[in-house]
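Undergrad: So the chains spell out like this:
Number of protein chains: 2
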Amino acid sequence: MNVELDRDRFVETMRYQAQIGATEDGGLHRLTLSDADREIRDWFAEQMEAEGLGITIDEFGNMFGYREGTDPDAGTVLVGSHLDSQPYGGIYDGQLGTVAALELVRTLNEADIETKHPIEIVNWTNEEGSRFQPAMQGSGVWAGEHELAEEYARTDADGNVFEDELERIGYKGDTPAEPQREYEAGLELHIEQGPYLEENGKDVGVVTGVVGFTWGEITFRGEADHSGPTPMHHRRDALVAAADVITQIRRLPDALGERTVGTTGHIDAGPNSINIIPETVSFTWDLRDPETAVIDEARERVLAEAERAATREGIEWEYTDRHRTDPVQFSEQCIDAVRDAADSLGYDSMEMVSGAGHDAVHVAKEMDTSMVFAVSEGGKSHNESEFTSWDDCYAAANTLTNAAVSLATADR
Amino acid sequence: MNVELDRDRFVETMRYQAQIGATEDGGLHRLTLSDADREIRDWFAEQMEAEGLGITIDEFGNMFGYREGTDPDAGTVLVGSHLDSQPYGGIYDGQLGTVAALELVRTLNEADIETKHPIEIVNWTNEEGSRFQPAMQGSGVWAGEHELAEEYARTDADGNVFEDELERIGYKGDTPAEPQREYEAGLELHIEQGPYLEENGKDVGVVTGVVGFTWGEITFRGEADHSGPTPMHHRRDALVAAADVITQIRRLPDALGERTVGTTGHIDAGPNSINIIPETVSFTWDLRDPETAVIDEARERVLAEAERAATREGIEWEYTDRHRTDPVQFSEQCIDAVRDAADSLGYDSMEMVSGAGHDAVHVAKEMDTSMVFAVSEGGKSHNESEFTSWDDCYAAANTLTNAAVSLATADR
Chain A
1 MNVELDRDRF
11 VETMRYQAQI
21 GATEDGGLHR
31 LTLSDADREI
41 RDWFAEQMEA
51 EGLGITIDEF
61 GNMFGYREGT
71 DPDAGTVLVG
81 SHLDSQPYGG
91 IYDGQLGTVA
101 ALELVRTLNE
111 ADIETKHPIE
121 IVNWTNEEGS
131 RFQPAMQGSG
141 VWAGEHELAE
151 EYARTDADGN
161 VFEDELERIG
171 YKGDTPAEPQ
181 REYEAGLELH
191 IEQGPYLEEN
201 GKDVGVVTGV
211 VGFTWGEITF
221 RGEADHSGPT
231 PMHHRRDALV
241 AAADVITQIR
251 RLPDALGERT
261 VGTTGHIDAG
271 PNSINIIPET
281 VSFTWDLRDP
291 ETAVIDEARE
301 RVLAEAERAA
311 TREGIEWEYT
321 DRHRTDPVQF
331 SEQCIDAVRD
341 AADSLGYDSM
351 EMVSGAGHDA
361 VHVAKEMDTS
371 MVFAVSEGGK
381 SHNESEFTSW
391 DDCYAAANTL
401 TNAAVSLATA
411 DR
Chain B
1 MNVELDRDRF
11 VETMRYQAQI
21 GATEDGGLHR
31 LTLSDADREI
41 RDWFAEQMEA
51 EGLGITIDEF
61 GNMFGYREGT
71 DPDAGTVLVG
81 SHLDSQPYGG
91 IYDGQLGTVA
101 ALELVRTLNE
111 ADIETKHPIE
121 IVNWTNEEGS
131 RFQPAMQGSG
141 VWAGEHELAE
151 EYARTDADGN
161 VFEDELERIG
171 YKGDTPAEPQ
181 REYEAGLELH
191 IEQGPYLEEN
201 GKDVGVVTGV
211 VGFTWGEITF
221 RGEADHSGPT
231 PMHHRRDALV
241 AAADVITQIR
251 RLPDALGERT
261 VGTTGHIDAG
271 PNSINIIPET
281 VSFTWDLRDP
291 ETAVIDEARE
301 RVLAEAERAA
311 TREGIEWEYT
321 DRHRTDPVQF
331 SEQCIDAVRD
341 AADSLGYDSM
351 EMVSGAGHDA
361 VHVAKEMDTS
371 MVFAVSEGGK
381 SHNESEFTSW
391 DDCYAAANTL
401 TNAAVSLATA
411 DR
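As you go down the protein sequences, you meet chains A and B in turn. FYI, UniProt numbering numbers position 225 of the first sequence as 225, with every residue one higher than the one before it. FYI, UniProt numbering numbers position 237 of the second sequence as 237, with every residue one higher than the one before it.
Please note that a few of the clues may not be correct.
Unchecked claim - Chain B side only, calculated, beta carbon under 10 Å to chain A, not exhaustive:
(1) Gln-133
(2) Glu-145
(3) Gly-159
(4) Val-161
(5) Trp-215
(6) Thr-219
(7) His-234
(8) Thr-260
(9) Ala-269
(10) Ser-273
(11) Thr-280
(12) Arg-288
(13) Arg-301
Claimed, not checked - If we take Cβ atoms under 10 Å as the criterion, some of the chain B residues that face chain A in the derived model are:
(14) Val-240
(15) Pro-278
(16) Thr-292
Stated by the list, open to error - Derived DEER-like restraints, expressed as beta-carbon distance ranges:
(17) A:Gln-329 x B:Gly-314: 45 to 55 Å
(18) A:Met-232 x B:Lys-365: 48 to 58 Å
(19) B:Asp-158 x A:Asp-8: 28 to 38 Å
Since the hints were derived computationally from the structure, they do not count as laboratory data. By construction, the Cβ of each residue, glycine as well, lies at the ideal position given by its N, Cα and C atoms.
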């Protein structure tokens, strides 16, 4: 038996949420713990209440809505994503997955469908990690990956403390930020943020795992000299060394794996003046692959290139590892549920590994998990031109709903 | 007949001026038109007055002190440099050349030496160009290279307007900023800011000309995508293209000329976030050589590489020429005067081309000109570790003094 979401209501709900923190160019600027975040949370709580869900706000602001099952001993199926956005980000990202979770319970209530397993929907705090680092913070605290006190103390660029901001918007709850029940399975719908579904002409993605990644920062310290009278052979130019490593990070993936990616997203130079040789340059690496060994190899090669570049320029260097996440392999049970749901609805699906981290990575530490991916036009995300057609949004939401229902009604 | 400066008084004067705007680490932070600039100007005016010089402050703040000659028809010899500094710069730079010009007139007065030609000493406004661009601004306006109104309207990083700041410190004079007399010759003492004198074991440099240079900015516009799920072949990474050109700017000089130098001193990336592919990267070029043809060739090759890099990444690019100065060949008369002065004092000198622009480049448009260079330890400048020994300062100041006296007493 398939359950079908009400397409009109679903699209209307997506459009409604996109107004809160809307940008002039059709995007979304709904940074975590901002006034816009409070507003979307208030709305989300109202919707959950209207559906008769049991609401829990935990001490880290994660919002849960619980729908009882028929078997008091059956584990809960957890479904959801996040409602915060990147600065001037898109309106789909994780919002789609949270709206779809809400539509799932609306649809079950409307059709009076009972499930053996309880279903709980969730909006995780600060998935984006742009205002406060790290990303996927709420699910990370909840899964025991991060220390509550440490994450409370994080500050944004203006020096605002996370805990103060959480209190300010009224979402510091009393429930400990940790699993409060037995969970059977977890599902998250998110846009792909990559081009594979579109390139392959598929309707939805069945996510089998998530690439791991390493983040770090390299700093070169050369010598600030006048750009005119300093001969080339006298220079210790930190930016030239950085350029060598940035080039290496661009080329490395071809030499390693089919799914390896490498990026320098951030660079700062000092004194950063047109006629002074750069003395200090700091820049980041972001290296990802589905295989742990490939990630390690990529990081080693980048550091080896930094050492060579520093030697060539005769300068000092240092590096800091900023973050590391191992690749995740999702569970067969949940992958099957997503694939079968897509098949039964007549959607053309493909299995894929997620190139981005998601709350589901933390959820997977607590329970069997998988994800549904929606098509991202041009693979674009984290900017206002992010786009997924309503057809593709609907296909993914329907897949999520039916996968959740099949897991929640399974005889386990 | 040689004139010898009073070494103790000269060193004491150098030390005195270095206190005004001194940094904790022994450098100088005396940005143009700052309170520290006002203080050093007040001091300089007092010293000139004490020597009985006829003081002129022109409408751009350039300060002149005139010492009469014996021949009313003889052209004036102009001697001086600048008293402003880079942010956290050194205490020698052009300050040495201005103090030496003051010591020149002190010495002539003390010894009651009359010269046929009048001698005028000068402190040029805003040589450094770090607070307000362009560099060598005061001498440029004076020599008719820049429009007064345009330069008045320049703003610093905080939005302060040049003309307002000039009035605020009380140095907007009434005299038009243009040559007010007939000039016979110009001389400027400056630290070398390069390593050639030290490497060759010389006492002073005889400057035969100044390299020309081209300044410009290249902007690449790629696409901001998520660093995880965007495959390498889908990327339009503005920073990778910039790295290619920065590398080219580093390598180019070897392929062009012995004295060619190329620098990227400034870079800005956006959105500049660890997990977003850089969308916009702007960075500068600074290319210098004694030959116009080589400068043009270097600029062409950099732009050609930018075009290739943009094509490789599939991105847009544009460039802006920011500044251009042709190489300058100083006059034989003045070069000879400097070389002969060094010889007669027993200093070991070498002829050299200046790698940096100086006020003397503008002065040379109005009169025969040359420069004296003082040894720069390690070639360092524009930072607090800039260093010239008092012996080397004194040798250069004595050379300047005697070159000026020989030009001022010559029978022309």
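Undergrad: State for each hint whether it applies.
TA: How the hints compare with the structure:
At its closest, the beta carbon of Gln-133 (chain B) sits 9 Å from a beta carbon of chain A; the interface hint therefore holds under the 10 Å criterion. Below 10 Å, beta-carbon pairs count as interface contacts, and Glu-145 (chain B) has none with chain A, the closest being about 18 Å; its hint is therefore violated. With a least beta-carbon distance of about 19 Å to chain A, the hint placing Gly-159 (chain B) at the interface is violated under the 10 Å criterion. Interface hint at Val-161 (chain B): violated, since its Cβ lies 21 Å from the closest Cβ of chain A, which is beyond the 10 Å cut-off.
For Trp-215 (chain B), the suggested interface contact is upheld, since its CB lies about 6 Å from the closest CB of chain A, less than 10 Å. Annotation: Thr-219 (chain B) was flagged as interfacial toward chain A, and the flag is violated, the nearest CB pair being 14 Å apart, outside 10 Å. This hint holds: His-234 (chain B) has a C-beta 5 Å from the nearest C-beta of chain A, less than the 10 Å allowed. Look at Thr-260 (chain B): its Cβ gets to within about 8 Å of chain A, closer than 10 Å, so that hint holds up.
Nearest Cβ of chain A to the Cβ of Ala-269 (chain B): about 5 Å, under the 10 Å cut. The hint holds. Checking Ser-273 (chain B) against chain A: minimum C-beta separation of about 5 Å stays under 10 Å; hint holds. Interface restraint check: Thr-280 (chain B) against chain A, minimum CB-CB distance 12 Å, threshold 10 Å, status violated. Interface hint status for Arg-288 (chain B): upheld, as the beta-carbon distance to the closest one in chain A is roughly 6 Å, under 10 Å.
Violation of the interface hint for Arg-301 (chain B) is found here, the shortest Cβ-Cβ separation to chain A being roughly 15 Å, above the 10 Å cut-off. This hint holds: Val-240 (chain B) has a C-beta 5 Å from the nearest C-beta of chain A, less than the 10 Å allowed. At its closest, the beta carbon of Pro-278 (chain B) sits 6 Å from a beta carbon of chain A; the interface hint therefore holds under the 10 Å criterion. Interface restraint check: Thr-292 (chain B) against chain A, minimum CB-CB distance 16 Å, threshold 10 Å, status violated.
Our hint of 45 to 55 Å for Gln-329 (chain A) and Gly-314 (chain B) is violated, since their Cβ atoms are close to 34 Å apart. Range check, Met-232 (chain A) to Lys-365 (chain B): Cβ separation about 29 Å, and the 48 to 58 Å hint is violated. One distance hint, 28 to 38 Å for the beta-carbon pair Asp-158 (chain B) and Asp-8 (chain A), is violated here, with the actual separation near 54 Å.
Hints 2, 3, 4, 6, 11, 13, 16, 17, 18, 19 from the earlier list are contradicted by this structure; the remaining hints agree with it.
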